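A.B. asks: Each chain is listed here by its residues.
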Amino acid sequence: MATNGALHALLLLSDSALPLGSFAFSSGLESFLAHHKHNSASHRLQAFDHFLEHSVANIASTAIPYVVSGYHNPDSLEELDNDFDASTPCTVARRASISQGKALLAIWDRALRSSLSPSSSPESQRAGAALTAFSAALKTSKPDALGLQMNAHFPSLFGAVCCALSLPEHEATYLFLLNHAKTLLSAAVRASVLGPYQSQAVLASARLQGWIEASIASTAGGIGGKGGIAVEDAAVTVPPMDLWMGRHELLYSRIFNS
Amino acid sequence: MSSTFASPPSTPGNGIIHLALLPPNTPRLKTVKYQYPLKLISPGPLRTADEPYHSVHTVYLLTYGGGLVAGDTIDLHIILEQATRLVLLTQGSTKLFKSPSRDIISKQNTVVDLALGSALCFLPDPIQPFEKACFEQRQIYNLAVDEDAEGVSGTGSLCVLDWVCNGRPANGENWSFLRYGSKNEIYLCPVNGKRRLLLRDSLLLDDEGADGSVVTRMDGLGVYGTLILYGSVFRSLGQFFMDEFSVMPRIGGRKWDSGSEDGEEDVDEAAMKRAVRQRQELADGLLWSVASVRGCVVVKFGAKEVEGGRKWLRTMLIDEGSVWRELGERALLCLR
Chain A
1 MATNGALHAL LLLSDSALPL GSFAFSSGLE SFLAHHKHNS ASHRLQAFDH FLEHSVANIA
61 STAIPYVVSG YHNPDSLEEL DNDFDASTPC TVARRASISQ GKALLAIWDR ALRSSLSPSS
121 SPESQRAGAA LTAFSAALKT SKPDALGLQM NAHFPSLFGA VCCALSLPEH EATYLFLLNH
181 AKTLLSAAVR ASVLGPYQSQ AVLASARLQG WIEASIASTA GGIGGKGGIA VEDAAVTVPP
241 MDLWMGRHEL LYSRIFNS
Chain B
1001 MSSTFASPPS TPGNGIIHLA LLPPNTPRLK TVKYQYPLKL ISPGPLRTAD EPYHSVHTVY
1061 LLTYGGGLVA GDTIDLHIIL EQATRLVLLT QGSTKLFKSP SRDIISKQNT VVDLALGSAL
1121 CFLPDPIQPF EKACFEQRQI YNLAVDEDAE GVSGTGSLCV LDWVCNGRPA NGENWSFLRY
1181 GSKNEIYLCP VNGKRRLLLR DSLLLDDEGA DGSVVTRMDG LGVYGTLILY GSVFRSLGQF
1241 FMDEFSVMPR IGGRKWDSGS EDGEEDVDEA AMKRAVRQRQ ELADGLLWSV ASVRGCVVVK
1301 FGAKEVEGGR KWLRTMLIDE GSVWRELGER ALLCLR
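The listed protein sequences derive, respectively, from chains A and B.
Residues in the first sequence are numbered from 1 upward in steps of one, following our numbering.
Residues in the second sequence are numbered from 1001 upward in steps of one, following our numbering.
A few of these clues could be false.
As the list claims (entries may be wrong) - With a Cα cut of at most 30 angstroms, we get these calculated DSSO-like pairs of lysine-lysine:
1. A:K139 / B:K1311
2. A:K37 / B:K1194
3. B:K1273 / A:K37
4. B:K1194 / A:K142
5. B:K1304 / A:K37
Claimed, not checked - In silico contact screen, one side only, chain B against chain A (beta carbon under 8 angstroms); selected entries:
6. L1062
7. G1092
8. R1179
9. L1199
10. R1200
11. A1291
Read the hints as simulated data drawn from the structure, not as lab findings.
As the structure is a prediction and not an experimental result, all values here were calculated from the model.
Note that the Cβ used here is the ideal one computed from N, Cα and C, for glycine as well.
Let the sequences and hints guide you as you build the complete structure.
C.D. replies: Following this line, the structure appears as structure tokens:
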């Protein structure tokens, strides 16, 4: 029964129709393309392939520790939120993370929350209660004495939602990275880098699976978060990513928000 | 320099810089201590042009051999008392020598405690990791916060640069080290409360066992850096970076003005400097971006070569002028 519940939650959270607004973001892809002149379509496709690999690695090294920590310590969501905000000194990346985090909280409040039942595991109950409390606190949040404010960043909230819906940890991290790859591929299709079938082929490929598994292994560690990276050691591993993301603001024409 | 009776046990690589304030307002270097391989040199203080009562102290951070050999560890603690100002400099890039294995990591830890109204300006030469170097550094800046003041007014100010280059390109090195990690953290420390993380900027480049895997992540850059600005002393500089970024030419837009230099419109001095700088940015393959978050201004930049990055930073800092005014010409020595 529990596995069925987890499967159901997995399918819900992996649905591209989940109203997170992810379609609005390209995670620096649009800016990356604008910074590089590609002579031919195949050249462009190759560059995208490269970008996808690095983007998955970079989102893993910066965000997966927060997903895992939100999953295991939902009671410290506020602190995780502060620390992730402090660790994201890029206006564009910050905007994307907050917008998706707020959307996820709204989905939690209006929809997913009702799926928690008294028969759910204590961990699920705890994560659910923490999410509901976080959402309530966010609504009345004001800058504190130090001028800092709650923001609702996506990664730690995603971890907590996965825990509340009884998804195993590995599935939660895998889903987080796969969703990121799907968002990038969908952006790439709309930016005419590749066609819909090519995009599916990349999604289905063993290479993408390999990148995701390798990223999980190097950031989340083994099962139970053992050997994983602590949130204070989350780091940017592809530095130009920050430049492309930041410079998205400078594009003459834009179809995405990031 | 110090005459404390009980000197702490000397550990290799440890250092202390304590800049005290003698009443009523004379800053004095109370302690400058160091152990091999670290070496600290402090020339006499300078007075800045516009605030004669503000003498600025300078300390050079040096290492024997100009860098760190595998396994070296440096621990530096810097204490800035109220209203003092310190300029930290290096003499040439910090070389990171080859490590026999990835288990032997050289480390550099710096903790700076900034009292109210103090200021630190740390614009060093870049870190230069040689082939197979293995290195991690962490800089922690603790800013004291006045509980009685509104928000965070009166806290110390920071202008710190952290940059790394691809090694010795002349020897064929191009991001060929094993591991390079650098972390900058700023904490707000209320007297009677828990310290809060204000900013964390963390970079990790590890080849993960695959030779030459770092260079593929650098997209042709030869140097990459982060400049962090915080506090009242560097507010106008931060605003300058924000303003300059907002008037950058749009990427992918037509350059309608190109080719015609005979415009009759008023071209002010700032616009002329900007035009010169932007041409130079293009020539040096310099890319930069800036964000103003949580009261900090964080500038990220990359260039094909160290000189391009250095030139750009120097031009930006000199065009704006406040570092020179507030901390003296010496603060910019490493960018010369």
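A.B. asks: Which hints, by number, does the structure contradict?
C.D. replies: Those not satisfied are hints 1, 2, 6, 7, 8.
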